[in-house]
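**Q** All chains, please: the whole structure from these sequences, using the hints.
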Amino acid sequence: MQDAALVIDSLSLSIHGKPILRNVSARIGAGETWSVIGPNGAGKSTLLKCLMRIQSGWTGQLLLQGLNIAALSQRELARRVAYVAQAGSEQGFAYTVLEVVRMGRYAWSGPFGAGHPGDGAAIESAMRRTDVQVLADRTLDTLSGGERQKVFIAAALAQGSGVLLLDEPTAFLDYRHQAEVAGILHDLNRECGATTLSVTHDVNAAMLTGGHVLALRDGEVAWSGLASQLACEDTLGRVFGATFRLLEDPVTGLRLVAPQGARNCP
Amino acid sequence: MKSCAWMYLFVPGSLAVLMAAPFIGGHGVSLEAILHPANDDPLAMIFWKIRLPRVFLAWIAGAGLAVAGMAFQAMFRNALATPFTLGVSSGASLGAAVGVRLGWRPALLGLSSVNLGAMAGAVLAIATVYGLTRLKRDCTTGAMLLAGVAVNFFFSSLILLLQYTADFYDTFRILRWLMGGLQMVGFDAPLRTLPFVLAGSLLLAALAGELNLLSVGEDLAASRGVAVVRTKTVVFLAVSCMVGVIVSICGPVGFVGLMCPHICRLIVGPDHRRLLPATLLFGGAFLVACDTVARTIFAPTELPVGIFTSLLGGPFFLWLLLQPPKSGGLTA
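Chains as they are written, first to last, in my numbering: chain A, -13 to 252; chain B, 50 to 381.
Heads up, a few of these hints could be off.
What the hints assert, rightly or not - Which residues of chain B face chain A? A partial, calculated answer using Cβ under 7 Å:
{"no.": "1", "residue": "ASP90"}
{"no.": "2", "residue": "LEU262"}
{"no.": "3", "residue": "SER264"}
Please keep in mind that the hints were generated in silico from the structure rather than gathered at the bench.
Note that CB positions come from ideal geometry on N, CA and C, so glycine has one too.
**A** Set out below in structure tokens:
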């Protein structure tokens, strides 16, 4: 049995008396790929924020590589887990791509912004993996949404942690960039044994990614299992409260969903 | 790195302004007269007792205000969010006005009731901003700036009320204080300000990496390993120390903290490891230059420097508002 990279044990959270997460539990093995799916407002993003300790006030237990997340310092946590926020959540002054990626090394830096001997190699490798070296001297505000997302993934990779949390990594991206980001994550998992946990509202993305799926609804675990077993009208209907039709990809045999709109209702 | 070259201009440039300014003024001063003063030479007295300390105070105050402004801009991710726009000037002014009206003579550590009142007012205003950020964690920068406007109006009304009920002499003293100025004699004031500005700047310099991350986003900073709440508390402490002491001595010298860091950001880029030293040097030189102009433009009448910086700062603020968000305009 694999070691657990992340154990979520009866995680609950209420904000202003409104329950956001209710008794969520999951065991994520080292090197596994997980997708967290569910309708809007199911608590998917909040789950990641609890794991990254951006959100406080939760109850339950979170174990990261056997260590209690609540007891780690933010810096120790960042050396073990990296996080890519939803696209468009960052702003601020006009940093260059290289500066943004370098900031990913913060957890290893000393006071007065002093560097760490491993900085150069980590930054170089992160930028190569995400193919953003050519953008190094461009400022963030001159990049397209897809390029920005790759830069923020590069910055998270530079952090040098084995667990990667991603909040809607491919939302708002065109098909080419979606495929690129999915490829980066796939290679990372296969070549470096990285554990990834991606939030997505796109069922097809979860099924194409493969691995495991954790489905949330109203802050509760509605379903959990292998992505290959997700393709079931009943399960999806229960999670999303919508009706789906399943189609089979003639080449791969993978079953994908077609959401039912007003036009294609029977 | 191409931006490093600029540092070679900032250090000698700032020092040159600091060295040249004492020689400029209503009366020309020659090196000979200063180094070998004849007995009771009034020019040497003016140079050593009045101009030199004044220039030093201007440099220290300008450097401190600029670095404080830079730290707030980074923390709130907005070039318009500086201690002064968030209510420090009116807080300090109200404190000073209360000090004038109370008119206590007993000086604490050489500070009059006006100085102490101003310091308390400035720190109170910063504490209000701090309280707001703690109470409402999702408070946007736009909301913070509006709160600053509200605080400014509220305090201004209280100042007017105090002025209305004051006698002619007190009214004039309050008004004169509101203009901000660097008139003083001897090295007491610069020496009293220096340790606070030095300590505050060092503290913020140690947080350069944290300021970089906070200026991109708080969630992102946390995910990179920054202890966000603790870092912000330290920034607030450093800023209130510097601004409180500077304002208590120089009055509300406006807009230095808004303009200098923004201009430096355009030159050396937003990385605080470079931006902080550049802002410190530029801010010091900037206030010295402003004060030198204020001293000489209508010589022998000396204008309070606060009038001059605000004359420059008002249009600059409007220009900044009209900039596209990417260069640091209003993004919230």
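**Q** All hints are to be evaluated individually against the structure, with a verdict given for each.
**A** Evaluation of the provided hints:
1. ASP90: violated, 46 Å
2. LEU262: holds, 6 Å
3. SER264: Nearest chain A Cβ about 5 Å off; hint holds.
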